[in-house]
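Q: So the chains spell out like this:
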Amino acid sequence: MRSSIASTTLQRPRYRTQDSFFRGRGLLTLLLGVALIWSLTSVNWTGSIVHPGGLSAIGEFFKAAFTPELSGSFLGLTLGSAWTTVAYAVAGICLAVLLGFPLGVLASGVLAKSAGRRVAQVAGFRIVLGFLRAIHELVWAWLFVVALGLSPMAAILALAIPYGGILGRIYADILNDVPQEPLRALRSSGASEWKVLLYGRLPMALPDMLSYSFYRFECAIRAAAIMGFVGIGGLGMQIQLSLGDLFYNEVWTLLYALIGLVLLVDVWSTWLRRSLTQ
Amino acid sequence: MEHLAAEVPDPVNLDVGINGGRVERKPRLNPIRVSLVGFLVLAMASWGYILANGDSGFGDLFKLETWKGAASFLGELAGKGKAGTPAFLQLGEWGKAGKLAYETLAMSVLAMGIAGAGVLITFLPAARNVAMGDLAASRSPLWKGLYFVVRGFFIFTRGIPELIMAMIVIFAFSPGILPGAIALGLHNYGILGKLSAEVVENLDPRPARALRTSGAGAFQVLAYGILPQALPQFLTYLLYRWEVVIRTTIVVGLVSAGGLGREFRLDMSFFRYTDVALLLIWYLILVMFVDLASMYLRRLAR
Numbered sequence: 007m008r009s010s011i012a013s014t015t016l017q018r019p020r021y022r023t024q025d026s027f028f029r030g031r032g033l034l035t036l037l038l039g040v041a042l043i044w045s046l047t048s049v050n051w052t053g054s055i056v057h058p059g060g061l062s063a064i065g066e067f068f069k070a071a072f073t074p075e076l077s078g079s080f081l082g083l084t085l086g087s088a089w090t091t092v093a094y095a096v097a098g099i100c101l102a103v104l105l106g107f108p109l110g111v112l113a114s115g116v117l118a119k120s121a122g123r124r125v126a127q128v129a130g131f132r133i134v135l136g137f138l139r140a141i142h143e144l145v146w147a148w149l150f151v152v153a154l155g156l157s158p159m160a161a162i163l164a165l166a167i168p169y170g171g172i173l174g175r176i177y178a179d180i181l182n183d184v185p186q187e188p189l190r191a192l193r194s195s196g197a198s199e200w201k202v203l204l205y206g207r208l209p210m211a212l213p214d215m216l217s218y219s220f221y222r223f224e225c226a227i228r229a230a231a232i233m234g235f236v237g238i239g240g241l242g243m244q245i246q247l248s249l250g251d252l253f254y255n256e257v258w259t260l261l262y263a264l265i266g267l268v269l270l271v272d273v274w275s276t277w278l279r280r281s282l283t284q
Numbered sequence: 042m043e044h045l046a047a048e049v050p051d052p053v054n055l056d057v058g059i060n061g062g063r064v065e066r067k068p069r070l071n072p073i074r075v076s077l078v079g080f081l082v083l084a085m086a087s088w089g090y091i092l093a094n095g096d097s098g099f100g101d102l103f104k105l106e107t108w109k110g111a112a113s114f115l116g117e118l119a120g121k122g123k124a125g126t127p128a129f130l131q132l133g134e135w136g137k138a139g140k141l142a143y144e145t146l147a148m149s150v151l152a153m154g155i156a157g158a159g160v161l162i163t164f165l166p167a168a169r170n171v172a173m174g175d176l177a178a179s180r181s182p183l184w185k186g187l188y189f190v191v192r193g194f195f196i197f198t199r200g201i202p203e204l205i206m207a208m209i210v211i212f213a214f215s216p217g218i219l220p221g222a223i224a225l226g227l228h229n230y231g232i233l234g235k236l237s238a239e240v241v242e243n244l245d246p247r248p249a250r251a252l253r254t255s256g257a258g259a260f261q262v263l264a265y266g267i268l269p270q271a272l273p274q275f276l277t278y279l280l281y282r283w284e285v286v287i288r289t290t291i292v293v294g295l296v297s298a299g300g301l302g303r304e305f306r307l308d309m310s311f312f313r314y315t316d317v318a319l320l321l322i323w324y325l326i327l328v329m330f331v332d333l334a335s336m337y338l339r340r341l342a343r
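Protein chains in written order, with the working numbering: chain A, 7 to 284; chain B, 42 to 343.
Heads up, none of these hints are tricks.
Covered stretches of chain A (chain B as the covering partner; in silico rule of three or more C-beta atoms under 8 Å from a C-beta of chain B): (1) 37-48; (2) 149-160; (3) 239-246.
One-sided and incomplete, this derived list gives chain B residues near chain A with beta-carbon spacing under 10 Å: (4) 79; (5) 88; (6) 99; (7) 108; (8) 113; (9) 143; (10) 146; (11) 149; (12) 154; (13) 197; (14) 212; (15) 222; (16) 342.
No lab work stands behind these hints, which were simulated from the structure alone. Heads up, the beta-carbon is just placed ideally off N, CA and C, and yes, glycines get one too.
Make the full structure from the sequences, and use the hints.
A: Put into structure tokens, the structure is as follows:
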């Protein structure tokens, strides 16, 4: 017999019957186990899994972790490419918010005039948002580089489109999930849906929206770093160049810079989120 | 004047305790204001830096020829102006790309398996309350040390993007889905580990305490007081991450030579754009399938 103890901060306690093993979590465990075994069988285990000499290369790579390249000129290069990465991430997230906010409001359906229109509007815009975020930012980057040419704008747009899709979807969810009572009070005093949005929904939703946008900013730093793969500058491109030249010490300097950057934004967004959720 | 201000409490900011005494309030930074202003400054600096650079490409966005180029690229994706049947109208090509999609799906599942197994082994010592707080089994400094080691490993693996991880992993492993899965697994290990450790830190300590006071051993407290609360949340996060991972498989495949990513790279390099379109269609099918599967499985975890 299972006893129900579940009462984390995120879940309300749920009470289940004893015979539910093959319906609830038991079934889930079974499915996940089968999926894992299936994925293991689809790996080609017969050939040489590890390169001849590959392990020694990896060993050398990790040995270089203790002796990163610290010459002045290379540190300057690292700092410069770190700033480029930050600039792309910030510019991308700015456009993503500009794209995600109107789409999010439309996809939440809060301004729709009738129930029928609301259903159509919500379904339509949710599909659009789903499409925007379905494709990874690097794939967008590659497509943009081919379509628009190699330029920083290609990287920024490639970042802004999937992030706009994610932000829009989350904004829509947050706008829908605000407490309804204050909105009813506004409506009963004659406010239009626009005014309900402006004076009811937005003030209540803003802390959550801000908090999530900052979390996404942290992800955008990592995403901007890998834009180097399609030839757009920043930490990712330098890492790729140094890896190609087998200069492992340089790779580690750049990796430490990237980890430091991600950690810095992580600490910033945690600090902000703590004060927003209090 | 200053003397007076100290005597009469400010009616707007009532810094007055229950007994009428003045409560000293430390001047604190307002995180929201600081963050907004900080971000605004950062945004202006970034856009200034990008636009000041002559070849930012921003001006090109307002030129007709740029958009003509983009339109012709879209046309090529749809197979316009190319001799022969486009790849997405040939059943055989669908089958070939479908096999790659199948491999890609296996890569994502294997990656989640690697990340999940790693997290299951290490997430307990990474939780502050289990390692050194009120749920700790022992006060030995070994646990404290382990806490910092595991947390450091989380930060390290989380900070390196999947693609760069794949570039490193491919040094040692033969091309295929395995190196891609390892790269994805390592990065997601860091993310899932952090989230799971936070779940344990935030869980309700009362069941564990009740067990402890009624004489349960460390293992029993773990099995009946901590895991039943933490594991469903862990599985939910795992499934959420799966949705992200399936989108990233194609990117990791670019360097680890497994699944859709390899063909995407080849077809882009050889300008076989209708094949690219077919791969993108399969990619979207995969993403939608995983989104639906994850939604169904998450319902089971509740």
